[in-house]
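All chains should be built: construct the whole structure from the sequences, respecting the hints.
Spelled out, the chains give:
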Amino acid sequence: MALTVEGLAVERGGRLALVAPDFRVERGQAALIAGPNGAGKSTLLRAVAGLVRPLRGRVMLDGAGETGQHAAYAGHLDAVKPALSVRANLASWAALYGASEGVDAALESFGLSHIAASPAAYCSAGQKRRLGLARLLVTGRRVWLLDEPTVSLDAGASADFARIVAAHCAGGGIAVAATHVEMGLPAGPRIDLLPPAAPAADAVDPFLTGAWA
Amino acid sequence: MRALLFRDLRLALRIGGGGLMATAFFAMASLLIPIGIGGAAESLGRVAGGVIWVSALLACLLSLDRLFQADFEDGSLDHILLAPSPIEFSVLAKAAAHWLTTGAPLIVIAPLIGLTLNLAPSAFGALVLSLLIGTPALSLIGAVGAALTVGVRRGGLLLSLLVLPLYLPTMILGARAVERASTGLDPAAALYLSGAVTLAALAAAPFAAAAALRVNLR
Chain H
1 MALTVEGLAV
11 ERGGRLALVA
21 PDFRVERGQA
31 ALIAGPNGAG
41 KSTLLRAVAG
51 LVRPLRGRVM
61 LDGAGETGQH
71 AAYAGHLDAV
81 KPALSVRANL
91 ASWAALYGAS
101 EGVDAALESF
111 GLSHIAASPA
121 AYCSAGQKRR
131 LGLARLLVTG
141 RRVWLLDEPT
151 VSLDAGASAD
161 FARIVAAHCA
171 GGGIAVAATH
181 VEMGLPAGPR
191 IDLLPPAAPA
201 ADAVDPFLTG
211 AWA
Chain A
1001 MRALLFRDLR
1011 LALRIGGGGL
1021 MATAFFAMAS
1031 LLIPIGIGGA
1041 AESLGRVAGG
1051 VIWVSALLAC
1061 LLSLDRLFQA
1071 DFEDGSLDHI
1081 LLAPSPIEFS
1091 VLAKAAAHWL
1101 TTGAPLIVIA
1111 PLIGLTLNLA
1121 PSAFGALVLS
1131 LLIGTPALSL
1141 IGAVGAALTV
1151 GVRRGGLLLS
1161 LLVLPLYLPT
1171 MILGARAVER
1181 ASTGLDPAAA
1191 LYLSGAVTLA
1201 ALAAAPFAAA
1211 AALRVNLR
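Note that the protein sequences, when read in sequence, are chains H and A.
Note that my numbering has the first sequence beginning at 1, numbered continuously upward.
Note that my numbering has the second sequence beginning at 1001, numbered continuously upward.
Rather than coming from a laboratory, the hints here were simulated on the basis of the structure.
For glycine and all other residues, C-beta sits at the position ideal for the given N, C-alpha and C.
Wrong hints could be hidden among the right ones.
To be verified - Derived pair list, reagent style SDA-like, types lysine to any residue, alpha-carbon separation capped at 25 Å:
id: 1; chain 1: H; residue 1: K128; chain 2: A; residue 2: R1014
id: 2; chain 1: H; residue 1: K128; chain 2: H; residue 2: I164
id: 3; chain 1: H; residue 1: K128; chain 2: A; residue 2: R1066
id: 4; chain 1: H; residue 1: K128; chain 2: A; residue 2: L1005
id: 5; chain 1: H; residue 1: K128; chain 2: A; residue 2: E1073
id: 6; chain 1: H; residue 1: K128; chain 2: A; residue 2: F1006
id: 7; chain 1: H; residue 1: K128; chain 2: A; residue 2: A1003
id: 8; chain 1: H; residue 1: K128; chain 2: A; residue 2: G1050
id: 9; chain 1: H; residue 1: K128; chain 2: A; residue 2: L1217
id: 10; chain 1: H; residue 1: K128; chain 2: H; residue 2: A116
id: 11; chain 1: H; residue 1: K128; chain 2: A; residue 2: I1015
id: 12; chain 1: H; residue 1: K128; chain 2: A; residue 2: S1122
id: 13; chain 1: H; residue 1: K128; chain 2: A; residue 2: Q1069
id: 14; chain 1: H; residue 1: K128; chain 2: A; residue 2: L1013
id: 15; chain 1: H; residue 1: K128; chain 2: A; residue 2: D1074
As the list claims (entries may be wrong) - Covered by chain A, per the in silico footprint, the following chain H stretches (three or more residues, Cβ under 8 Å):
id: 16; stretch: 69-79
id: 17; stretch: 93-103
id: 18; stretch: 154-165
Shown next, in the form of structure tokens:
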């Protein structure tokens, strides 16, 4: 199993938001996306997940499209409902992804067992982040897309998470992480993104520029 | 799909007392209108069907802007779209949860509101039946509007402007059925047509809302 990205570019509001270099991540590897703010790291992850329709290029898993069916995404937002308990939050995601078990194991892995019954509203920012990341485990998906996963995690939790990602990769999974901090992920390709240059000619709708006239 | 339905029902019960808010708004709105137009018993009875239907429309609209927006704001929508169930089914589940927490409770108290508005005794059956047939269309058409305005700041107003005109057929047919029944005529034709509108919404709305969500997500 390998995740391949070829010639990917994403347009936003008539402007190129991302021009990604081609890369290939084999099973067991964790790719690292690096680049300054605005280079399109988040956009690249969303495009790989299929949440953003690319202007051109392809994202394939084992030579097939539809990576969204195999990907779990952890973005800037933790998707935590304050009104539900920590456990109910995770259980609702497990049910949505068709997994009935593994909720307690995931809570245990992320050190949330002791607050499982309390409302998520009382969680600290770090605990909410851990709850958001715990969803990765219950989805049972093979490709993890991580957008700045260690934000608001302390050093210990950060190291724990790196170990969880390593275990996921060792089990044949793939991880793609955009991060500014060295968190000790398994080996893998490094994808350096540069902010897209001035709008490319083919990125702009000719009707908008009048080039067709 | 069932998982999403249960999740939304559970969230609705925890936040805002489930259907209670919409029901209370419905009762309040339909009791305010007669105070505004005066309480003469015979004129009240004549407008009762229309008043109840307009109030049901507004109550339905009240919670509609949170249908996708709440999940969009906390990032849940991304994960719902990545989930194994097709987006069309997810839309259907969310619309069903919306109907169960707003439309269904309205139907339960509608006869009581009818009583206070001096609705003709012959029209109670048609009132409940017309709401039962018509209100699912409100949630379904509303889901399309909610999907179109997801991510729009203060999109609630825009949502109302988009959706209210599309509610017209359901409202006209529902109010017409009640009116015909209250004057002793057969309301069946209006009810059949209202059912047709609901079925058309059931067939088209999930696809339209899913398409709108795909466009809006970036």
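Hints broken by the structure, by number, lowest first? Per hint list: 8, 12 and 18 violated.
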